[in-house]
Amino acid sequence: MDPWLLITIVLGFAMAWAIGANDAANSMSTAVGAKAITPKQAVIIAGILEFTGAYFFGKSVTETIRKGILDPTMITDPNVLIYGSAAALLAATIWLVIATKFGLPVSTTHSIIGGIVGYGIVYAGTAIVNWGKMGQVVLSWILSPIIGALMAFLIFKAMTRSIFETKDPVRNARIWSPFWIGLAFVVIGTMFYIKVLHGGDLKAGVMMYGLPAGVVTFIVTYLLIKLRFRSADPLINVESIFKKAQLVTSSYVALAHGSNDVANAIGPVAAVYAVATMGLSGMQVPVPRWILAMGGLGITIGVATYGYKVMETVGKKITELTNTRGFTIQFSAATVVLVSSWLGLPISTTHVVVGAVIGVGLARGVKAINKDIVRDIIISWFVTVPVAALISAAIFKILMLVG
Amino acid sequence: MQVWTKLFAKSPFKPLIKHSEVVLNTVETLEKALQAWERGDYEEMKRLAVEVDRLEDVADKIKEEIRDSLSSKLMMAVAREDVLIYLHMQDKVADAAEDTAKWLLVKKPGTIPAEIKDIIIRMGAESIKAAKLVHKAIVQMDRVIESGFSENEIKAEYEIIHKIEGVESKIDGLDTELMQKVFEMADKLSWGDGFYILNIARTLSNISDKAKDAAERIRLMMNK
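Those protein sequences? They're chains A and B, same order as listed. Under the working numbering, the first residue of the first sequence is numbered 1, with each subsequent residue one higher. Under the working numbering, the first residue of the second sequence is numbered 1, with each subsequent residue one higher.
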């Protein structure tokens, strides 16, 4: 085997590990925080679903250069793609590890984009970068949290208005809880089609997956509540309904995360694989299943080794999040991601989730949010691409000199 | 990803409830001290009055901890100023109870007419009601937030606030009644006795005054 392919595989694995460590905990932590599941259960569920998502639903064809951020026609030397991919992977991994260490939820997609931009500029100057695409990425830093916050604010208000703020909360909880959970499943079903199965037609997704999933969920939830709902305290009972719903929503988030974000780790690996086996290839290359498996395994190990620690602390420390709030955050994040995929807007799930937390806070749903941490998070988003780019540029330069 | 633990700051409500429990405890102990005083059991009264003093110290410590943790870096469902002023008022309830206990300790009773004693005992009983209602109000405030400021929970909170206001005006009435009694009986009472009784009455009615101020702040918390 080509030694560079081997090196890239190792780096890709490291990147997958970092994705698992940094991101996977995000998908489950609102559920853990709301005590819908224990940290141990979260790790097992996330581990299995991340792998399933990556291996079975990861894209079998991936872009060699993520999101078309560089002009591939300007890379004529195959070695550049090899060194560049290695540099980008290493840089993104290093940045993710640093961010994770400081507890900052940065976007893995933006990290790898930063890495790619870094080597691209060193190799061919700023002209190689597709600045239009880059502008979209920057726009997503600003738009994702704002839309996430807005959506969470509205959903939270609507949910409390429909259930708690009524004359008969018990009666309304019986009808409206299944409605909201059903609606969440319309989104989840549609997203399953678009994000996991990588389907293109939104309408088909809604009709074939979204609506059936929503209707079935509505009926099942409605019947379950009819049988089991005790009316003594609507507040507590509504929470217990959303507790179960949260288990499913967060599982789904883990599955979708695996199927999508695995590309951040294996994209560069696939690029090197294509060069090593077929000479220089175009923008998109087929990915062998074993590379997908490697990515999935890396993410799962990341969840189990580092994500575990994180989720444990989350479970012990966040007591401020109830199930309805956890559900609201996940539901709004999923909706925003779905709508923006459909509109073709680049959006970062991590950013949307943080925005959603703030949105629920603004709707007076969370008792206290630490403003300093919010500021740190926002700063970390703005530095992700430049920092990953700088690290990648340095590594690439060294590789070009010694290689 | 430790961010989730850091993003959600510790809410002040659980500590506020804990503080109000201690305040309630302080007032309850004061009521027992007043009953011992009425019976003429000076030793028991002294023991209880000292306990009131100790409990007030405990409340003070919790108050300091809450103040330190409530930095302006928090984004809260209620205004920070309202929480801080509420805490101050809730603490004043315990302070007033301690003041009464101090007055009980300065002088051996015995010459106080039964009629006056009776009014003071009634004032003590009403003070307990005020402290209990304040505790109920802060627990309910927690529920108001849990429910996302639902109309029903807010309504329940307003009912508690009204009750506190009711208790306050009742104690005010008793206070006036007592003052009149003291001057009616001026001949039978020594200058010292009158001063002693009026101060006990003043500090007792302070308990419900501060409880009312606390309730007022809770009202403001709901109208952010």
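Derived from the structure by calculation, the hints contain no laboratory data. Hints are not guaranteed to be accurate.
Which stretches of chain A does chain B cover? Using the computed rule of at least three CB atoms under 8 Å from a CB of chain B, they are [stated by the list, open to error]:
{"#": "1", "region": "155 to 164"}
{"#": "2", "region": "364 to 370"}
Heads up, simulated EDC-like pairs for lysine to aspartate or glutamate below, C-alpha to C-alpha not over 20 Å straight-line [to be verified]:
{"#": "3", "chain 1": "A", "residue 1": "167", "chain 2": "B", "residue 2": "43"}
{"#": "4", "chain 1": "B", "residue 1": "61", "chain 2": "B", "residue 2": "51"}
{"#": "5", "chain 1": "A", "residue 1": "371", "chain 2": "B", "residue 2": "51"}
{"#": "6", "chain 1": "A", "residue 1": "371", "chain 2": "B", "residue 2": "82"}
{"#": "7", "chain 1": "B", "residue 1": "14", "chain 2": "B", "residue 2": "82"}
{"#": "8", "chain 1": "B", "residue 1": "136", "chain 2": "A", "residue 2": "233"}
Given the structure is predicted, the values throughout are model-derived calculations rather than measurements. Virtual Cβ for every residue (Gly too), placed ideally from N, Cα, C.
Hints and how they fare:
1. 155 to 164: holds (count 5)
2. 364 to 370: n = 7 at 8 Å, threshold three: holds.
3. 167(A) to 43(B): 54 Å, violated
4. 61(B) to 51(B): 16 Å, holds
5. 371(A) to 51(B): Between residue 371(A) and residue 51(B) the Cα gap is close to 41 Å, so the pair fails against 20 Å, i.e. violated.
6. 371(A) to 82(B): 19 Å, holds
7. 14(B) to 82(B): Between residue 14(B) and residue 82(B) the Cα gap is close to 16 Å, so the pair holds against 20 Å.
8. 136(B) to 233(A): Holds, at roughly 17 Å.
Hint check: violations occur at hints 3 and 5; the rest are consistent with the structure.
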